[in-house]
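Protein chains in written order, with numbering that gives the first Met the number 0: chain W, 0 to 742; chain R, 0 to 165; chain X, 0 to 280.
Worth flagging that the hints you see were computed from the coordinates, not collected in a lab. Keep in mind that this is a model prediction, so the values were computed, not measured. Treat the hints with care, as some may be off.
[Claimed, not checked] Sample of chain W residues facing chain R (criterion: CB under 10 Å; computed from the structure): (1) 24; (2) 121; (3) 122; (4) 224; (5) 644.
[As the list claims (entries may be wrong)] From the derived model, a few chain W residues whose C-beta atoms are all more than 12 Å from chain X: (6) 93; (7) 123; (8) 179; (9) 234; (10) 270; (11) 273; (12) 274; (13) 295; (14) 564; (15) 670; (16) 729; (17) 736.
Beta carbons: idealized from backbone N, C-alpha and C, even for Gly.
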Amino acid sequence: MAETAEGVIGKDVARIDGARKVTGAASYGSDFALPDQTYAFLVTSTIARGRIRHIDETAARRVPGVIGIYTHRDIAGKVKAGKLMADGGYLGTSIQPLTSPDILHDGQIVAVVIGESFESAREGAYRLDVAYERQPASASFDDASVETVAASEASKTHEDPKVGDAETAFQQAALRIDVSYSTPTQHHNPIELFTTLCHWSDGKLTVWESSQNVWGYKYGLAEQLGIDPNDIRVLSPFIGGAFGSRGSLTPRTAIIAEIARQLGRPVKLVPTRDQGFTIATYRAETRHHVKLGATPDGKLVSLSHEAWEVTSRPDNYMVSGTKATTRLYQCPNIYSKVSITHADRNTPGFMRSPPELPYLFALESAMDELAVATGIDPIELRRINDTQVEPIKGLPYTSRSLMACFDAGAKAFGWHERNPKPGAMRDGDWLVGWGCASTMYPTAVAPAAAKVRLMPDGKAIVQTAAHDIGTGAYTVIGQVAAERLGLPLANIEVQIGDSDLPPAPVAGGSNTTASVCNVVAKACDRLRQQLFQQSNAASATDISGMPLDAVLNDLPKDGIEAYAENLPHGTTQEGIGKLYHGHSMLAGGSELKDRIQFAFGAEFVELRIHRLTKEIRCSRLIGAFACGRIVNPRTARSQLMGGLIWGLSSALHEETEIDQASARYYNDDLAEYLIPVNADVREVEVIFVPEEDKAINDLGIKGLGELGNVGTNAAVANAVYHATGFRIRDLPIRLEDLLAVES
Amino acid sequence: MSGIHVTTKINGDEVQFVCEADESLLDVLRNRLGLTGAKEGCGTGDCGACSVTVDGRLTCSCLVLGAEVDGHDIGTIEGMAMGDELHPLQKKFIEHAALQCGICTPGFLVAAKALLDHNPEPTETEIRFGLAGNLCRCTGYDKIVRAVQAAAEEMNSAKKIQQKVA
Amino acid sequence: MKPSLYFRPTNLQEALTALSANSWSVLAGGTDFYPARLGKPLEENVLDVSAIDGQEKISFNDGRWRLSLQATWSDLIADNRLPARFDGLKRAAREVGGVQIQNRATICGNLCNASPAADGIPNLLALDAQVELMSLQGRRTLPIADFVKGNRRTFRREDELVTALLVPDSGRPARSVFLKLGARKYLVISIVMVGAVLELAEDSRIVSARIAVGACSPVAQRLPLLEEGLIGRRLETALADMVHERHLAPLAPIDDVRGTADYRRDAVITLLQRSLTELAR
Chain W
0 MAETAEGVIG KDVARIDGAR KVTGAASYGS DFALPDQTYA FLVTSTIARG
50 RIRHIDETAA RRVPGVIGIY THRDIAGKVK AGKLMADGGY LGTSIQPLTS
100 PDILHDGQIV AVVIGESFES AREGAYRLDV AYERQPASAS FDDASVETVA
150 ASEASKTHED PKVGDAETAF QQAALRIDVS YSTPTQHHNP IELFTTLCHW
200 SDGKLTVWES SQNVWGYKYG LAEQLGIDPN DIRVLSPFIG GAFGSRGSLT
250 PRTAIIAEIA RQLGRPVKLV PTRDQGFTIA TYRAETRHHV KLGATPDGKL
300 VSLSHEAWEV TSRPDNYMVS GTKATTRLYQ CPNIYSKVSI THADRNTPGF
350 MRSPPELPYL FALESAMDEL AVATGIDPIE LRRINDTQVE PIKGLPYTSR
400 SLMACFDAGA KAFGWHERNP KPGAMRDGDW LVGWGCASTM YPTAVAPAAA
450 KVRLMPDGKA IVQTAAHDIG TGAYTVIGQV AAERLGLPLA NIEVQIGDSD
500 LPPAPVAGGS NTTASVCNVV AKACDRLRQQ LFQQSNAASA TDISGMPLDA
550 VLNDLPKDGI EAYAENLPHG TTQEGIGKLY HGHSMLAGGS ELKDRIQFAF
600 GAEFVELRIH RLTKEIRCSR LIGAFACGRI VNPRTARSQL MGGLIWGLSS
650 ALHEETEIDQ ASARYYNDDL AEYLIPVNAD VREVEVIFVP EEDKAINDLG
700 IKGLGELGNV GTNAAVANAV YHATGFRIRD LPIRLEDLLA VES
Chain R
0 MSGIHVTTKI NGDEVQFVCE ADESLLDVLR NRLGLTGAKE GCGTGDCGAC
50 SVTVDGRLTC SCLVLGAEVD GHDIGTIEGM AMGDELHPLQ KKFIEHAALQ
100 CGICTPGFLV AAKALLDHNP EPTETEIRFG LAGNLCRCTG YDKIVRAVQA
150 AAEEMNSAKK IQQKVA
Chain X
0 MKPSLYFRPT NLQEALTALS ANSWSVLAGG TDFYPARLGK PLEENVLDVS
50 AIDGQEKISF NDGRWRLSLQ ATWSDLIADN RLPARFDGLK RAAREVGGVQ
100 IQNRATICGN LCNASPAADG IPNLLALDAQ VELMSLQGRR TLPIADFVKG
150 NRRTFRREDE LVTALLVPDS GRPARSVFLK LGARKYLVIS IVMVGAVLEL
200 AEDSRIVSAR IAVGACSPVA QRLPLLEEGL IGRRLETALA DMVHERHLAP
250 LAPIDDVRGT ADYRRDAVIT LLQRSLTELA R
């Protein structure tokens, strides 16, 4: 073999699935088509709370091409509700539509119309007459009839981290910051719609649906449909954006599967963009009360973080970001408490950096307020409070390079030229603001399994039911296999996104690269071992560097295969059992007994705010990140850059608006739910701060997909303050928030 | 409803299909003709994932009825590569990591090609402007602009070499 | 339930005959038509005017520019014959959406759709454009201001087709501008927009001024007081200081998700100042 594969891990290579994606050959959920397939169109509720009084199907049935109408009358008893993922289930909501006439949130599925064509199904849905018995609905926090409970009461496993006596220390502190913040409702809005295609053949169900969790879907559907999981296959080779929205099973999948079973034909659902706002999950709005007490020289003596999150009536979904915010800085006295507010809403779910984004916005804004109060530079304030040991339990970080990130970022940004006085930096009619913030994201690794087969022609196939949500999973898995087997990358075929493959965890919590690459490496090592033992070409002592050429000829025609399972640090044997039942036992972050695992970064934002119109433009965005070993700098950079822009978008644009009276969303399209366009973002720079973490896992990998968008929110708000002297504590920051800024 | 008979050219080949009056070109491409490179992201012309060209002009296929394209030439992502040989834009998108999940990629490529067909040497602003009708939720915008710049450069220098040879 | 018809006439007579006989939704590009019907079947008859022949998209005759019902925003942008008074409208054309939208959306269609946030209308007002309507009864023209009735309503009769926009051109040197404020850089629904056309004498004194503001009232409005104040003045950046709150009397800005009424008022003043500064450049 002419090409050597050494050093493929860490190499800046182009993604191996690129050609399929640029030619349109990559098939996403709704790109699959089956002979005899039918089309589904959803009818969703126009009220947020109440009951279906009656459904008149007459007009809908008359539409040519309509072949079926399915309501709770047809589905109740056939599809079971399931448990939330957080409660040990597989679902994103315990609200299972079509099991009763009850309406628990806006846009709940109330009927599915099936047509021979998409158009006939659509027309049938339009003509279906649904009458409701409407009851008053509570939209959010401020509604009188919501119910707020402490998270510790709602969930047995919830913990509110505390240490020392925060209140007394706060009262005695020389400097006190006592402020409230809020973050809005946001929707993932991946560009791929929430489509599903289901087909039954000989009692076996195949589901084509973009999923971040094919094994979880398989087991969840089995439970909901009352069938053997082995009779279900979930296929998700390409995923058109997920950001958490496809991590847990949503109600539509079992419904479409059940309809396909009753109908005896394949059913394809392509919902509309606005339906996607209510049939899947979202990031719920949060409120925060942060109190910081410090010495005059900036040392934290008290940190208190109370927060409230919205959830649905039945579910105790929560993100509880205090796990992170109580551990970011050294402080002897810490208090935290999370509460959840039940409103008449769909159950929220994971959305990129679920806990860290809203909670760090609050803490990192408050830190900036403390920097202003103490007159200490924001970076120096963080240095003063930096730590290598988390303050709640005194556990060591496996590695933490926060200040190295700040130093690298500050240098690239030119931070030393910053005039700290608000409004002091100008460019013509534009007020210039520079802000920064810390970012952090837990490194979690889960049990996983993988199979590798080596063929006599020197090609290898790697199989694991992992997911590539755009992150580059195909490529990094290929790189690890190439290096560990000693083959060129081009010789590796990576098969993922199929629940018939060896199980891998949910593509969530930025764990895929660490979880999957480690097990693939293990399978490759095992294969080499088998290979050399079989061929007697070498002793088992050192085979890692041996070329494969000599032994390939001896391989049987269909090659040889190795299978591996990996139990990462902090997991137990139980984790393997769970893995084979579609559960991901993520271990890491602040949940370990002996240590704490996080990736860190520092984010810098330059804003320009027009002194008259208050238009806000971002002119520079720089992030410096330390996240262990980078398997592929090109795909990693893409992730972090996308994350930075996501954070910017979250800070300045994104908000799902809710009509308080009806508890319904009203900006549910891409014209009014603003995400940045090409022209909103100019200079974005990603800096990798080298970091070696040998303890974290064999390959030294930390996750990074969700690290990028966390700190940006506070960095933007801090830059707004620096430009204008106005502290905006409620996201997103819109120009009308700055009207009072003197021009 | 009786079907409407439509004769059109897609990627240079004559294609005939029958569609209903309320069927979008996007649905015709995806559901009737099996051309699934154009994606549906919104149905309202806001995301550009369904971009195709109609008589060389960049268009959202979700905003056109199948019936409207009778007698017109359609270009889709499936017609961009010459067999196995990728178009320079496709190569540069891969090289510059100008794609992540890839769902917006066909639309961006069709838009970028339409831009370069009309304006072979666009400025950065013209590129950003020409691609403003396409949303990328993985937000790889900067890399997309760099990829288009690099492709334009390569195509122009190739053209110059050809001219010299001629 | 009635089946919808799709009809694509190839000449004007056919189109007008159809309009006189039946109720139709006129499809002229469709970029607003389809989004408004997302998730619904077509319930109406659709009259697609894209194939009507003999409609030169943009032409000039007898001191008037004619933008036909088939002229798209892209056609307008690409037309190098158009004089400087169209610069503002061209700029609005670049903001109506991405290239995909500019290529399909027609100027007449944008006007007929009559959205308060329609990007084209302030400049059409500032160009003093007339709407040409045809029916089997004959032809009539209406000034833009008399054509748009309110939010998404116009004075077009059911049997009429808007066949063109007519823009007078005195041949005098002119300057024009379009400015828009939105939360995002492109592809955003306007919070406030300003369109202006100034005609100049040789000594660069302002001979006529038409300035219109969009998104601050149900229908875009001209600002006669400001226009009068400008006439006879020399075009220079100092004119920006003239803009005063009392000029905004015709406007009725509202509070909505995109901005408060007070903000809109402030923003209009700033945009007017920027417009005048830019015109003087």
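Worksheet entry | Least C-beta distance between residue 274(W) and chain X, which was stated to exceed 12 Å | Not fine: 8 Å to the nearest Cβ puts residue 274(W) too close to chain X.
Fill in: Verdict on residue 273(W) as a residue remote from chain X, using beta-carbon distances over 12 Å
violated (7 Å)
Discussion item. Confirm or reject: residue 179(W) is not an interface residue toward chain X, with every Cβ-Cβ distance exceeding 12 Å.
Written reply: holds (22 Å)
Worksheet entry | Interface hint outcome for residue 24(W) [beta carbon to chain R under 10 Å] | Where the cut-off is 10 Å and the nearest Cβ of chain R is about 8 Å from residue 24(W), the hint holds.
Item to complete: Classify the hint on residue 644(W) as holds or violated, based on whether any CB of chain R lies nearer than 10 Å to its CB.
Response: holds (4 Å)
Discussion item. So residue 93(W) supposedly isn't at the interface. Is its beta-carbon more than 12 Å from every beta-carbon in chain X?
Written reply: holds (27 Å)
Worksheet item: Far enough from chain X: is every CB of that chain over 12 Å from the CB of residue 123(W)?
Response: violated (9 Å)
Worksheet item: Once the closest CB in chain X is found, is it more than 12 Å from residue 564(W)?
Response: Non-interface label on residue 564(W) holds, nearest chain X Cβ at 46 Å vs cutoff 12 Å.
Worksheet entry | Status of the stated non-contact between residue 295(W) and chain X (beta carbon gap over 12 Å) | holds (40 Å)
Fill in: Hint check: 10 Å Cβ-Cβ cutoff, residue 224(W) to chain R
violated (27 Å)
Worksheet entry | residue 729(W) remote from chain X - nearest C-beta pair above 12 Å | The claim stands: residue 729(W) keeps its Cβ more than 12 Å from every Cβ of chain X (closest is about 15 Å).
Discussion item. If I take the minimum Cβ distance from residue 234(W) to any residue of chain X, is it greater than 12 Å?
Written reply: Non-interface label stands for residue 234(W): nearest chain X Cβ at 27 Å, farther than 12 Å.
Comparing the model with each earlier hint shows violations of hints 4, 7, 10, 11, 12, 15, 17; every other hint is respected.
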